[in-house]
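Chemist: Below, each chain spelled out in residue letters.
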Amino acid sequence: MSFYFAQLLTGLANASSLFLISCGLSIIFGVTRIVNFAHGSFYMIGAYVAYSTITTLDFGILGFWGGVIFASIVVGLVGLLVEVTILRRIYHAPELFQLVATFGLVLIIQDLTLAIWGPQDYLGPRAPGLDRAVRIFGEPIPEYDLALIVIGPLVLAAIWVLFHRTRWGVLVRAATQDREMIGALGVNQAWLFSAAFMLGAFLAGLGGALQVPRESVNLQMDLSVIGQAFVVVVIGGMGSVTGAFVAAVLISVLNAFAVLLFPQISLVLPFLVMAVVLIVRPYGLFGKPGSGHGPAAEPEQPMRLMSKGEAGLLAVFVALLALSPLFAANYTMVLLIDLLVATLFAVSLHFLMGVGGMVSFGHAAYFGLGAYAAALGVKFLGLGMIPAMILGPIAGGLGALLFGWFCVRLSGVYLAMLTLAAAQILWGVTFQWQEFTGGDDGILGVWPASWAKSNQAYFYVAFVLCLGGIWLLQRVAHSPFGYTLRGGRDSAIRAEAIGINLKRHQWMGFTLAGAVAGLAGVVFAFSKGSVFPDTLAISKSVDGLVMVLLGGIHSLAGPILGAGVFVLIEDWVTKLEFWRFIFGVIILVVVLAAPDGVAGGVSRLRGLFSRRTKDGEAAQ
Amino acid sequence: MLEVSNLTASYGGASILNGISLEVRNDQVVALLGRNGAGKSTTMKSIMGLVRQKSGSVKYDGVEVMGRESYLICRTGLGYVPEDRRVFTDLTVEENLEVGRRDARDDAPVWTIERLYELFPNLKERRRNLGKQLSGGEQQMLTIARTLMGNPKTILLDEPSEGIAPVIVEQMARVIAQLKSEGLSILLSEQNLHFARLVCDRACIIEKGQVRYDGTFADLDANPDISSQYLAV
Ligand SMILES: Nc1ncnc2c1ncn2[C@@H]1O[C@H](COP(=O)(O)OP(=O)(O)OP(=O)(O)O)[C@@H](O)[C@H]1O
Ligand SMILES: [Mg+2]
Chain G
7 MSFYFAQLLT GLANASSLFL ISCGLSIIFG VTRIVNFAHG SFYMIGAYVA YSTITTLDFG
67 ILGFWGGVIF ASIVVGLVGL LVEVTILRRI YHAPELFQLV ATFGLVLIIQ DLTLAIWGPQ
127 DYLGPRAPGL DRAVRIFGEP IPEYDLALIV IGPLVLAAIW VLFHRTRWGV LVRAATQDRE
187 MIGALGVNQA WLFSAAFMLG AFLAGLGGAL QVPRESVNLQ MDLSVIGQAF VVVVIGGMGS
247 VTGAFVAAVL ISVLNAFAVL LFPQISLVLP FLVMAVVLIV RPYGLFGKPG SGHGPAAEPE
307 QPMRLMSKGE AGLLAVFVAL LALSPLFAAN YTMVLLIDLL VATLFAVSLH FLMGVGGMVS
367 FGHAAYFGLG AYAAALGVKF LGLGMIPAMI LGPIAGGLGA LLFGWFCVRL SGVYLAMLTL
427 AAAQILWGVT FQWQEFTGGD DGILGVWPAS WAKSNQAYFY VAFVLCLGGI WLLQRVAHSP
487 FGYTLRGGRD SAIRAEAIGI NLKRHQWMGF TLAGAVAGLA GVVFAFSKGS VFPDTLAISK
547 SVDGLVMVLL GGIHSLAGPI LGAGVFVLIE DWVTKLEFWR FIFGVIILVV VLAAPDGVAG
607 GVSRLRGLFS RRTKDGEAAQ
Chain H
14 MLEVSNLTAS YGGASILNGI SLEVRNDQVV ALLGRNGAGK STTMKSIMGL VRQKSGSVKY
74 DGVEVMGRES YLICRTGLGY VPEDRRVFTD LTVEENLEVG RRDARDDAPV WTIERLYELF
134 PNLKERRRNL GKQLSGGEQQ MLTIARTLMG NPKTILLDEP SEGIAPVIVE QMARVIAQLK
194 SEGLSILLSE QNLHFARLVC DRACIIEKGQ VRYDGTFADL DANPDISSQY LAV
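Heads up: the sequence lines are chains G and H, in that order. For the first sequence, the working numbering gives the first residue as 7, with consecutive numbering after it. For the second sequence, the working numbering gives the first residue as 14, with consecutive numbering after it.
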């Protein structure tokens, strides 16, 4: 009995940490509607700054708590800087832009942290005065855990007072519901948003700083915590601080007991809980319908079809590609195969987003499923290349069929979050199921058949499969099925009103996109000869989003261009030392400067040019 | 004085206003009349800076406010009461009023919570209730009171009589009369000609985003074909 009580206390202590990390994210989303990927990065900075201050000051109790507060304030100021310089410019952009922009920040902060603190892990000191364990019912409980159990609810109470007893808090709550209206009542939203963002960042920093005595401080903290924080916010209801608290307790306590039964469950449990909660309550425990959506969005531009000229250009490019093994160097062939894989992946994601209107934060799940299915087929069934390749799209499709059933029940940010959860569940499985998937070591020896061993020969395999996949999706996009999907994207209500079962169409679209991503995964697996869990990681999903964004979402040629640009940049940048930083900056520049993507930028330039010439003609 | 000239606005590609010009002089109550979808609300939103695609000129007291952010437009002394009320449903009545509160200005009547409770006694009883617990009529009072908390000189009042009980419509008419007597000028959007006639000095009729009539009610009555052509009678 006493053992279970101790387990409960551990759960509650973890809940406090999780709540501190998540509540700021929820506040930021509630007010600004930004899904802040960089929240984990704020948490990480908080931990690093606190570690450095506490160990340099070394003032005992005062030094410790002073360091924690100092770190939180520093992070709050970093948040303010980020909000004022970057996010303020993209509040009106679609959520995809905001997500990608904050992911750019993740990359930048990772490299800055690396540059300042170096690659090593730091083990923080214990909290002075709270460094022992007390016995409760005979079980040793760390004093620091007890302190955390108190701090969590205290912070919750402080936020409550701030939100209900100050004018600023009332304005924030009003803005969470209708930010346009508070503007019409004379409130300067920009200022309110900055302050809310700063508060959210402060809380993330506090969460990170308080973690120092419990965990090592390292460069992986950011992405390992962000997934969990998203889950807490979604379960609690986006924008609800109380919800975040309840969700954090729910997950942590469940987890504390579930690990007794299955030690490996920690990585997937939060996402399982989230999936269950979202199915029962699509807006989370304390969320409200509509609170997941911003003000009425600008109507989507219609999807542009490829013009004759563009199609011709594409044909020339494809022909050039087909002949490339005749003259290109070996290294170029590898790059071209990467390009084909990336393009197919981007096209499948674009199909989901641009045609289906479903933004996925976890499309890598199906890419990875395809790759793993083929690799497992080779490893356990001894399949040859072709049969193993057939497994890929089947696995991707089946995975998407399963997760898609849940996802299409939601929309907007909630749908995106559920796709992320799905991807994280699969990632957790590949990572932890050592015997089957090889865990972190991955699966090696996934080589092409002997006739396709050379880069040139394998290039043609990739060429046929990837172009085939792209062709298939383009055909579907222009079929009646595709038109229905697009109709649903533009007006779900209208589509339902004329008797279309939109959910079923979306489900099928989701499955198809998953199957094609699986195909891309297969081609990828055999080109590399190995598969690792990072094929399904968050960053892989974001890669896809960046490609779609680079190309611009409103054109069918977009993802092709986007993937091309992405692969070239990646190939160039990853050779540099601080490539994450550079890549992050590139992402930010694209988001801020060319919100309709490279393709959009090109056509805007062309529009400008043709208007000039027309003006010129008119003047003559 | 509010002077709108040649205002155009569109949503997406669809142009909704095609050059609206009108003015509201100080101490005047002007009715903005027109059928469903004529563009009354869009006119008000455009004046308030809540429509993104727009052109033309909106001058308030001689200062061009077109293109400014809506919080700055509000701070010049223009208050806006939206047609769908947009009460903050999770905030109490008192908190809703707090959101609207702004410093007093010397060129406009000064409102305090107490004065507003005198004007709308129902709100006082309900002051601890959440916005979502109010009836439609109470929400309508709250949204007007919330705007008055900003001590505006002119208010844009979008269909205050829509969807509320006849007794409350009468109360609204009295409130508008009192606001006018306090020195506020009002642009009042209405479909209900009788209600408008009760409280307004002038009528401005729009249809398909253009002004079709601008003048007194007496002249309007002298030309019944105008109202039958542009208003749902
Ligand atoms: N957010 C929007 N997006 C697209 N079209 C809109 C939007 N808001 C209004 N419209 C269209 O603009 C036109 C004018 O609308 P508006 O609300 O200004 O009319 P109104 O005169 O206020 O009508 P009502 O008496 O029904 O309130 C209508 O055809 C309406 O469908
Ligand atoms: Mg209207």
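Be a bit skeptical, because a hint or two may be false.
Unchecked claim - FRET-style restraints, in silico, Cβ to Cβ:
no., chain 1, residue 1, chain 2, residue 2, range
1, H, Ala27, G, Asn507, 25 to 35 Å
2, G, Lys294, H, Pro134, 25 to 35 Å
3, H, Val180, G, Lys294, 30 to 40 Å
Hints listed in this document are in silico derivations from the structure and should not be mistaken for laboratory results. Since we're looking at a predicted model, the values are computed, not measured. Glycine residues also receive a C-beta, built at the ideal position from the N, C-alpha and C atoms.
Chemist: Taking the hints in turn, state whether each one holds.
Modeler: Structure-based check of each hint:
Taken as a hint, the range 25 to 35 Å holds for the pair Ala27/H and Asn507/G, whose Cβ atoms sit roughly 29 Å apart. Checked against the hint of 25 to 35 Å, the C-beta distance between Lys294/G and Pro134/H comes to roughly 31 Å, which is consistent with it. At roughly 32 Å, the beta-carbon separation of Val180/H and Lys294/G lies within the given 30 to 40 Å, and the hint holds.
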